[in-house]
Amino acid sequence: MDAIFLQILNGLDKGGAYALIALGLTLVFGTLGVVNFAHGAIFMIGAFCAVTMEKILTLSVKVKDPSVTFFDAYKETPYLELWFGDTGSAIIDWVVPISIVISIPVMLGLGILMERSLIRYFYKRSHAEQILVTFGLAIVLQELVKTFFGANPIPVSAPDIVAGSAAIGSWIGLSDAVVYPWWRLIYLLFSVVIISSVFSFLNFTTWGMVVRAGMADRATVELLGINIERRFTIVFGLAAVVAGLAGVMYTPVLPPDYHQGMDFLVLSFVVVVVGGMGSLRGAVAAGFLLGILQSFSSMTEVKAIIPGIDQIIIYLVAVIILLTRPRGLMGRRGVMEN
Amino acid sequence: MSNTQIATPRQDLIYMVVLSAVVLTMPLWLQPFGAAYPDLMQKFMIFGIFAVGYNILFGLTGYLSFGHAAFLGVGSYTAVWSFKLLSMNVVPAIIFAIVLSGLFAWLIGYVSLRRSGIYFSILTLAFAQMSYNLAYSVLTPITNGETGLQLAQADPRVLDRMAGIEATSGLPSTNLFGLDGTGYTGFYICAVILIISFFIALRIFHSPFGLKLRAIKSNQTRMSYTGYHTRPYLLTAFIISGMYAGLAGSLLAMTDPLAGAERMQWTASGEVVLMTIFGGAGTLIGPLLGAGLIKYLENIFSAFNDTVLHNVLSFLPDWLNNILTAIISPFVGEGWQLLLGIVFMLIVIFLPGGLMEGLGKIRRAIRDRGQKPADGASSDKQHSTEEA
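Sequence lines, in order, name chains A and B. As numbered in UniProt numbering, the first sequence has no gaps in its residue numbers, which increase by one up to the final residue, 338. As numbered in UniProt numbering, the second sequence has no gaps in its residue numbers, which increase by one up to the final residue, 388.
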């Protein structure tokens with residue numbers, strides 16, 4: 001029971017990451033009709049926003065170490081600590097939450113820039129060409145990150161206050177031994193919050209409703225005198241923000257490296273396809289579903305019966321879904337179906 | 001539209017003779033480019049075969065597969081196993097690799113071709129990732145997991161032992177009935193195989209079968225209305241291209257008897273897509289050109305570091321040299337893929353027909369300069385947009 005509960009939690013957590021990336025992919029596909037292979041790279045860049053933030057906050061200078069009295073010793077001290085003392089170290093400790101704030105405008109800008117300078121020229125072209133050009137873009141972005149940050153994963157730590165694990169078992173009446181890392185709980189909560197805010201934004205604001213109308217029938221919305229293209233650009237930016245935030249928040253779980261984007265991209269595409277292209281609810285549901293399936297299949301008991309199932313479960317599910325129900329779990333009829 | 005015509009046998013013959021001459025004299029004319037060493041030329045040949053095969057699927061039918069690296073991997077593993085179990089002779093290795101990768105392609109193609117468009121891409125991608133992950137983990141007894149499959153002294157090599165060839169002190173090297181599978185002889189083996197496989201591709205392009213594939217690309221619905229069941233044709237194209245990939249994989253194993261799972265990763269499939277697009281998908285010679293150029297760029301530019309760059313630019317004044325070095329250095333050496341990505345994007349954006357389309361434009365521009373400008377130029381413009 002405990003193990004199963006933990007696996008569900010694990011799966012939801014992983015599923016949260018998948019769902020967030022898939023949400024952006026679906027949003028872009030549903031509005032602009034573009035198959036964006038660079039979306040994983042955007043997630044990766046989000047993660048590297050946090051890395052950059054940490055680099056900036058921990059800019060250091062060599063200062064004489066007062067604790068060593070016998071000879072002159074020097075130690076690296078971050079400027080923030082030098083100037084603000086304990087407040088400074090506290091700021092450094094909160095690097096991930098700070099990066100969230102910073103990364104929103106950065107990712108929004110990046111997304112809008114990408115859409116304006118490249119993606120919009122590909123609305124009318126075939127999906128194969130969209131895949132190819134965004135694949136090229138993904139290579140460029142990932143290589144740029146590699147040039148600036150090197151090829152090794154760079155860890156970014158969560159605030160000390162949420163280090164360690166929550167005794168989640170005792171909260172809900174399971175054994176006390178059932179614990180779960182705080183940060184990953186926060187990640188789960190965070191993904192739920194982001195997903196619901198995207199949904200409420202699209203469902204309960206006029207702006208979002210117009211966008212959804214544009215998804216359904218672009219021409220009519222344009223005839224009403226609404227500049228739907230500009231809204232779609234912003235939607236692209238929002239998708240980038242969602243992916244970027246997912247990346248920022250994921251850094252304490254998995255130290256980012258330059259090919260993280262490609263790794264997540266394949267997975268999130270599978271999620272999108274399983275959920276149904278163009279269906280936001282489908283993407284979220286499939287994200288969580290596949291996360292849970294993956295974490296269950298990585299249990300040793302399951303692996304003992306079907307070895308290697310944890311490695312392929314996601315793809316296997318995708319293949320089965322595509323073959324039996326090509327429009328995915330919740331896909332709209334007629335979207336890319338043939 | 002010129003390439004949709006059925007060429008006469010005579011044209012084909014000229015084509016093949018020229019190509020063979022160019023390929024076989026490679027060690028001579030690549031000298032000035034600094035690429036005339038066997039390892040690199042073998043890579044040209046091998047990836048040329050891979051791209052030519054890929055083009056039969058993508059170039060002719062427009063089905064974008066993101067999983068062809070899996071067939072390359074299967075070919076490699078099969079070949080190395082053949083070296084280990086049977087003989088260091090490459091003939092059985094190549095035959096087994098082609099057969100096995102063909103079977104594998106049949107399996108994957110049978111399932112994937114039930115869908116088209118992006119769904120087909122995702123399906124092939126999913127299958128390739130599955131094979132990659134399995135090769136890394138559960139299939140370790142067959143693939144030797146992370147380490148990769150290697151030759152060992154103690155391998156049975158049944159046929160070799162029967163023929164009385166005993167293992168020498170070092171590891172045995174691959175051969176074709178006594179011809180060394182590495183070095184210059186290895187290059188010539190690859191070159192001959194490339195010419196043969198190119199000839200087969202040429203025949204396919206100019207056959208009624210090839211025409212049907214093109215018809216599928218241009219309008220599959222109309223094709224089925226005329227009474228053709230398209231899937232068998234697609235599946236055949238898929239299997240053929242898978243076999244080409246397997247052949248390329250086995251040749252990779254011939255030049256370096258080692259097979260690893262990383263050859264199967266989906267980014268490796270991306271590479272062959274890149275080569276095909278770069279050269280010009282759907283043209284005969286394009287993929288070959290693309291494969292050669294990309295491998296050449298990879299080899300030359302990844303070897304450039306700052307010092308080399310300084311020396312190359314040493315004819316410039318010092319300050320300009322420093323600035324240029326600083327600008328160029330992120331694009332070469334470790335970061336040459338950045339250059340590749342940019343070139344790739346530029347090609348897709350501005351020249352969807354690849355280098356061949358670019359060459360065609362230049363050729364037409366030169367030809368038209370001699371003739372009356374107005375009418376020829378406008379019709380050509382129309383023509384090229386149609387192709388794009």
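Hints in this document: simulated from the structure, not taken from any laboratory. Accuracy of the hints is not assured; some may be wrong.
For the chain B half of the interface with chain A, some residues (derived, Cβ under 7 Å), not all of them [stated by the list, open to error]:
{"#": "1", "residue": "R115"}
{"#": "2", "residue": "L134"}
{"#": "3", "residue": "I200"}
{"#": "4", "residue": "L202"}
{"#": "5", "residue": "L338"}
{"#": "6", "residue": "G341"}
No residue lacks a Cβ here, since even glycine has one placed at the ideal position from N, Cα and C.
Quick rundown of the hints versus the structure:
1. R115: holds (6 Å)
2. L134: Check passed: Cβ of B:L134 comes within 6 Å of chain A, closer than 7 Å.
3. I200: violated (25 Å)
4. L202: For B:L202, the interface hint is violated, since the closest Cβ of chain A sits about 24 Å away, which is over 7 Å.
5. L338: Hint on B:L338: holds, closest Cβ of chain A at ~4 Å, below 7 Å.
6. G341: At about 3 Å, which falls below the 7 Å cut-off, the nearest Cβ of chain A leaves the hint on B:G341 intact, so it holds.
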